[in-house]
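Student: Single-letter residue listing:
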Amino acid sequence: MEGATFLRDPVPVAFAVRLATVALSLAFAGRPRWCRGSAFAGSIVASALTGAAGAMVVLTGVPRQGMLLRHDASGLSLGYTMAPLSAWFLLVLAMLAIPAALYSVGYLSHAMSAGKTAFVAAGFNVLSALFLGLRYAVRRAPTWACGGQLSARTEYTATAFSKPLMMIFGAIYRPTREVSRVGAVSPYFPSEVRYRAEIEPTFERFVYGPLTRGVLGAAERMKVIQAGSLHAYLAYVLLLGIGLLLWLGGGR
Amino acid sequence: VSLVPSLGLATLQAGVLLAVAPLLRGVIKKMKAAFQSRQGPPLLQGYYDLVKLLRKEPVRSETASWVFVAGPRLYFATAVAATTLVPVIFAAAPLEQAGGILVLVGLFALGRFALATAALDTGSPFGGMGSSREMTVGALAEPALMLGLFTVALWGGSLNLGELARATVLRGISAHPSELLAAAALFVVLIAEAGRVPVDNPATHLELTMIHEAMVLEYTGPDLALVEWASALKELLFMTVLANLFLPLGLALSLSPIALGLAVAFYAAKVFFLAVAVTLVEATNAKLRFFRVPELMAVSLGLGFLALAIRFL
Chain A
4 MEGATFLRDP
14 VPVAFAVRLA
24 TVALSLAFAG
34 RPRWCRGSAF
44 AGSIVASALT
54 GAAGAMVVLT
64 GVPRQGMLLR
74 HDASGLSLGY
84 TMAPLSAWFL
94 LVLAMLAIPA
104 ALYSVGYLSH
114 AMSAGKTAFV
124 AAGFNVLSAL
134 FLGLRYAVRR
144 APTWACGGQL
154 SARTEYTATA
164 FSKPLMMIFG
174 AIYRPTREVS
184 RVGAVSPYFP
194 SEVRYRAEIE
204 PTFERFVYGP
214 LTRGVLGAAE
224 RMKVIQAGSL
234 HAYLAYVLLL
244 GIGLLLWLGG
254 GR
Chain B
-1 VSLVPSLGLA
9 TLQAGVLLAV
19 APLLRGVIKK
29 MKAAFQSRQG
39 PPLLQGYYDL
49 VKLLRKEPVR
59 SETASWVFVA
69 GPRLYFATAV
79 AATTLVPVIF
89 AAAPLEQAGG
99 ILVLVGLFAL
109 GRFALATAAL
119 DTGSPFGGMG
129 SSREMTVGAL
139 AEPALMLGLF
149 TVALWGGSLN
159 LGELARATVL
169 RGISAHPSEL
179 LAAAALFVVL
189 IAEAGRVPVD
199 NPATHLELTM
209 IHEAMVLEYT
219 GPDLALVEWA
229 SALKELLFMT
239 VLANLFLPLG
249 LALSLSPIAL
259 GLAVAFYAAK
269 VFFLAVAVTL
279 VEATNAKLRF
289 FRVPELMAVS
299 LGLGFLALAI
309 RFL
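Residue numbers (our numbering), protein chains in the order written: chain A, 4 to 255; chain B, -1 to 311.
You may find that some hints are simply not true.
As the list claims (entries may be wrong) - Residues of chain A placed beyond 10 Å of chain B at every Cβ, according to the derived structure:
#1 V61
#2 F92
#3 V95
#4 A144
#5 P145
#6 A155
#7 S189
#8 R197
#9 E207
#10 K226
Unchecked claim - Incomplete in silico selection of chain B near chain A, CB under 10 Å:
#11 F74
#12 G126
#13 V135
Calculated from the structure, these hints are not laboratory results. A virtual CB, placed ideally from N, CA and C, is assigned to each residue, including glycine.
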């Protein structure tokens, strides 16, 4: 690719660099050092190119459109569009991806077994093309629950999540809550607790309700002139035409 | 505006603000300790904590998915991205063509959303409680923030923070009640967004009262470092916006060394002044019960409405 084209559109170049880097790091699978080096160097170059493309769009304010892949024989093509806002996100992501790549070189050198390096390095490029691909060795542990047992039933529900807003706007939503105990002998020895919560559909009742009722009511009254007779409809068109002619031409 | 200087400035500004943000937290902690006749942690404790966290082994919950991993990164990325939209030293933002007030507010909302969904991901009840509270406070603080910023935008005739700063620098400070009220409204929002005392307490891990800390309870190591760093940066950004929109004193209009030196000195002084104000509020108030927070936010919203109304008088 010649210099001028390259400056005009760095995105396909960045794409090509990423693909080449993935291939290269897989090819160097047996030599972890080379593999890491090529993978992250390639990633930095690709990130810089993407960032530059984003910067151009941000600074000129002109959205960019172009082609990533084109195969004339099969008619296969993959294009892209970069609006100022997306360009700006790409720019920031690229700015973050470069230090992330540098950081990962050191991290992978002692956190990974040699055999895995190639796949991690290749994966890094695939991921950072999508998002920040910073991966490290992670220890897994159970979620802390004050020593209790967590299950699906202890999760925060949508009702619980929205409860503060429901309480704050209680004057509008008028939440009601009903807890009843069911027991064979007495409610003091419940075999079952029933819970029912409800909010008042204020907006449906006072805003959307009247609106729909008004529209439907108006439509109902319009039915009088909509009797299903084709002759009547043709007469309406005629009357409307005459009326329009009188109204628009009458001024002259 | 040419490409290289803007980009360089954006990187430099993001870098410098990232470097300074932990110091701001340290200064506030030190001043608060002085108020309580304690010695307090060293000024640089924030940096030590970040280094420690970045070197720690990451531990994640067995039930955590990619949402949990993406949360802190997106939060951090949005905070860094927001730095490029805010005028700090110059009466211009490095990437101000990309967006103004609406993008700034949207970025903060996106970061908050990322962290809140991530907190729900592990299935911990604390995470759910924290994110529920955080979203509630956010839902109440955001209209107040928008109102305050829109009042300023009406003054400057633009939604772009860089243009607003230039307009205010040229116009000078006016002690118009509308501006004072908007500044007061935004100060309340600053306290809520930074998780400072009447709304949230950054120093506690008491389960039943915490908001932000409950949300990030499951994080450790580098993930937690990102969250802490981004939170500090967010606080600094809010102070910067408040300081530079209402007191544009000293914002550099040229690249001359004297103007730059003055701008840096004035900026540091303004942020320090705001830090003192935040410390005073934090040291003299008790944390509000969670269901009293809406009242505080209503005050802020009311001030914002008044500011907007007076603007049209």
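Student: Given G126(B) was flagged as interface, is its beta-carbon under 10 Å from a beta-carbon of chain A?
Tutor: Where the cut-off is 10 Å and the nearest Cβ of chain A is about 2 Å from G126(B), the hint holds.
Student: Does A144(A) really sit off the interface, with its C-beta more than 10 Å from all C-beta atoms of chain B?
Tutor: Non-interface label on A144(A) violated, nearest chain B Cβ at 5 Å vs cutoff 10 Å.
Student: Is V95(A) truly not at the interface, in the sense that its beta carbon sits beyond 10 Å from all beta carbons of chain B?
Tutor: With a cut-off of 10 Å, V95(A) comes too close to chain B, as the shortest Cβ separation is near 4 Å.
Student: At 10 Å, judged by beta carbons, does P145(A) keep clear of chain B as stated?
Tutor: violated, 6 Å
Student: Taking the closest pair, is the beta carbon of K226(A) still more than 10 Å from chain B?
Tutor: holds, 44 Å
Student: Beyond 10 Å from chain B, beta-carbon-wise, is F92(A)?
Tutor: Incorrect as stated: the minimum Cβ-Cβ distance to chain B is 7 Å, not above 10 Å.
Student: Would the hint on V135(B) be counted as holding, given a Cβ-Cβ threshold of 10 Å to chain A?
Tutor: holds, 9 Å
Student: The output says V61(A) does not contact chain B. Does that hold with a beta carbon cutoff of 10 Å?
Tutor: violated, 5 Å
Student: Regarding the assertion that A155(A) does not contact chain B, is the least Cβ-Cβ distance greater than 10 Å?
Tutor: Its Cβ does come within 10 Å of chain B, the nearest being 8 Å, so this is violated.
Student: Would you assess whether R197(A), listed as outside the interface, keeps its beta-carbon beyond 10 Å of every beta-carbon in chain B?
Tutor: holds, 23 Å
Student: Hey, does the F74(B) contact hint survive, CB to chain A under 10 Å?
Tutor: At about 8 Å, which falls below the 10 Å cut-off, the nearest Cβ of chain A leaves the hint on F74(B) intact, so it holds.
Student: Far enough from chain B: is every CB of that chain over 10 Å from the CB of S189(A)?
Tutor: Fine: 32 Å to the nearest Cβ keeps S189(A) off the interface.
In this structure, the earlier hints numbered 1, 2, 3, 4, 5 and 6 are contradicted, and the remaining ones agree with it.
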